[in-house]
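Trainee: Take a look at the letters that make up each chain.
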Amino acid sequence: MRAFRFLRRNFEHGVHPAHHKKQTQDLPIQRVPFGRQFIMPLGQHIGVPSRAVVADGEPVERGQLIAEPGGFVSTALHSPVKGIVKKVGDFRGVDGRFAPAVAIEADPFATQEVDPDAAPDWRSLSLEAFIEAVQMAGIVGMGGAAFPSHVKLSVPDGVRIRHLLINGAECEPYLTTDHRLMVERPEALLEGAEILRQKLGAEETVIGIEANKPDAIETISRHLSPDQPVRIVKLKVKYPQGAEKMMIKSVFNTEVPAGRLPRDVEVNVNNVGTVVAIADYFLRGMPLIERVVTVAGPGVTYPANLIVPLGTSVRDVVRFCGGLKPGTREIIMGGPMMGRPVASLDVPVLKGCSGILVFTEEQTARRKEFPCIRCGRCLEACPYFLNPSRLARLSKARMFDEMKAYNVFDCVECGCCTFACPSNIPIVQLIRTAKDDLKNRKESDG
Amino acid sequence: MNSILVAPAIMVGIGLFFGTILAIAQRFLKVDEDPRIEKTNELLPGTNCGACGQPGCLPFAEKLVAGEVEPSQCTVSTADAIEEIAEYLQVDAGSQEKLVARLRCGGGRLQANQIAEYQGFEGCRAAALVSGGGKGCAWGCLGLADCERACTFDAIHMNANGLPQVDTEKCTACPDCQAACPRDLFELVPLSQNLYVQCNIPLAGEAATQLCRVACDACGRCAADASPGLITMEDNLPVIDYSSGGEPRPDAVFRCPTRAIVWLEREQFQDQASRKAGTA
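Here the protein sequences line up with chains Y and S, keeping their order. Residue 1 is where the first sequence starts when you use the numbering used here, and the numbers rise one by one after that. Residue 447 is where the second sequence starts when you use the numbering used here, and the numbers rise one by one after that.
Treat the hints as calculated values from the structure; they're not laboratory data. Just so you know, not all the hints are guaranteed correct.
[What the hints assert, rightly or not] Partial list, computed: chain Y residues near chain S (C-beta under 7 Å):
no. : residue
1   : Gly96
2   : Arg97
3   : Ser344
4   : Gln429
5   : Thr433
6   : Asp436
Only a predicted model underlies this, so the values are computations on that prediction, with no experimental measurement involved. Backbone N, C-alpha and C fix where the C-beta goes; we use that ideal spot for every residue, glycine too.
Just need the whole structure built from these sequences, with the hints factored in.
Mentor: Rendered as structure tokens:
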């Protein structure tokens, strides 16, 4: 069987949504002009929110620290523009709730440059100092979850990382940010990969790319130098190929057990955007203050791949893209499978926002829900081998505690089950609701 | 000897052996349970709602017999049933003020501004997870009836304005609706406390009134007019302290520019605007 492994660059289960990437995959990355107001929520990553270190009325430089980490699983925040702090207070976030944020008014006459020597020399840093530098640069996983990168890089004693896996799958439909980064900035990607590989002491770097991005594979192969141990792996186009554990299964044919982390199988996985952000900080001094965002979907006038300073409102980004077409019904932040709809155009672009997708009536009309017919398609779709149909039924009956026995917390909410369901049952939403109920109850009990 | 008899003989032997042990155990390890507990338990409603603060009716019966609680602490039983328990146990029935669930929000469809339309699974918790539902207010009632489904006593019904109407007769002040509400809007309040703040927005001024027509904009007039200590402003919301000694007056309602503070005789949402929504 080992001989045929190259044929099985694949994981079990999953679904095949239409990719819809044609709209933006060949559009070069453009820069969005700086707007007037920027809102930087303090809790835009997974974990403890950051603590603001600026006060109302204070002038800030582009790239200046405005919030320090609030704990270990937390990162720093930097001002995306030169300007003045207007208010440190509560603003509406993507989840609809009001949360603490720093509002900055941009200086319209500033050149908005970043000090290229701001970062310490990565070669002379110890591993601990390097990890702290990553935290203070505010770098988080850019694939969508916004998990602080330094936590991933902190490997406990006795665990060795042998493979650095770079995630260029971008399996979500519509999104082309990682694709464009790989095509346009392969040097930065390889530089960042080399920094990470040397610091982690990994033997090799593996870049996993889905087969629908041949130009990215070709461009990176051209930039490879023989003294750098980098290998590119072409992966089958399938959702969720970009999920950490699925990708490890595809590339190394190793399963990461439930409740364990990639480091337990000697792998460290980082998204393409994250690796480029690391190169941008250590080589060009720019902390995480801007990111590439795909603006696409049938409701947007001019689709684009954009470099957006963090904190820019969705309104400004959409306006730059020629505005919304009539009949627009929904704007999703992130990909269509896992992203979240925004309730207001004033919410800011966050570190984890890989796309702004605009949909019309045709895509968003709610289809009529039918009873579950026990066809088992959700079971065949679930990459984590859960029983989504059972979980959905338990959630509908509000039997949340029973769901724990069906491993509800192993669900990553990838949406495969809902996509596969012929009865249009909102399975993921039901599971998410149950998880929320269980988590909140745990908090109130303890 | 017929070998077929060996097996029954062994079984009978084992049976006798364990029977003896059980008989001895029954004699020496016997736990005497107060027979009144079972009888009291039968007199209780058996809903296991938890409104009395105990895990269920049986633990409540045990505490009753032990004299640690009063029969009237069971809010579900009728007055007659409580009297019967008191008579049976030869204790004082005690007096317990009737509590009802009140919703700390008055922003129904007519009052709260809608900023988006929610399509998806019909449930408050589900909607709250999707960008906080359609209402602009991030603290108010979502109006998708999670509490109605959670109520064991059929006391909560959504009114035409999209707010849960609590039937004060049926409400037993069990905490089911409190647990179901993702925004923690239900409070258990004595029925005799008439003055009530029907808003949960921690914003002040225009920021609050932009979201909802009946939002408390933290103007503080109710606090300024009330007898000292009765109403204080905390986190941009008035807090009524009934233990302060001051007498709450309906005047506060007329001083409120947004009608966020209300005077409740019985059920909530009996004012003109809500009734109009009912006919529309």
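Trainee: A separate judgement is required for each hint: does it hold in the structure or not?
Mentor: A quick look at each hint next to the structure:
The criterion of a C-beta within 7 Å of any C-beta in chain S is met by glycine 96 of chain Y, whose closest approach is roughly 2 Å, and the hint holds. Given hint, arginine 97 of chain Y at the interface with chain S, holds; its Cβ is 5 Å from that chain's nearest Cβ, closer than 7 Å. Nearest Cβ of chain S to the Cβ of serine 344 of chain Y: about 6 Å, under the 7 Å cut. The hint holds. For glutamine 429 of chain Y, the shortest C-beta to C-beta distance to chain S is roughly 5 Å, which falls under 7 Å, so the interface hint holds.
Hint status for threonine 433 of chain Y relative to chain S: holds, with the closest Cβ pair at about 4 Å, below 7 Å. With its C-beta approaching chain S no nearer than about 6 Å, aspartate 436 of chain Y sits inside the 7 Å limit, and its interface hint holds.
Comparing the model with each numbered hint stated earlier shows that all of them hold.
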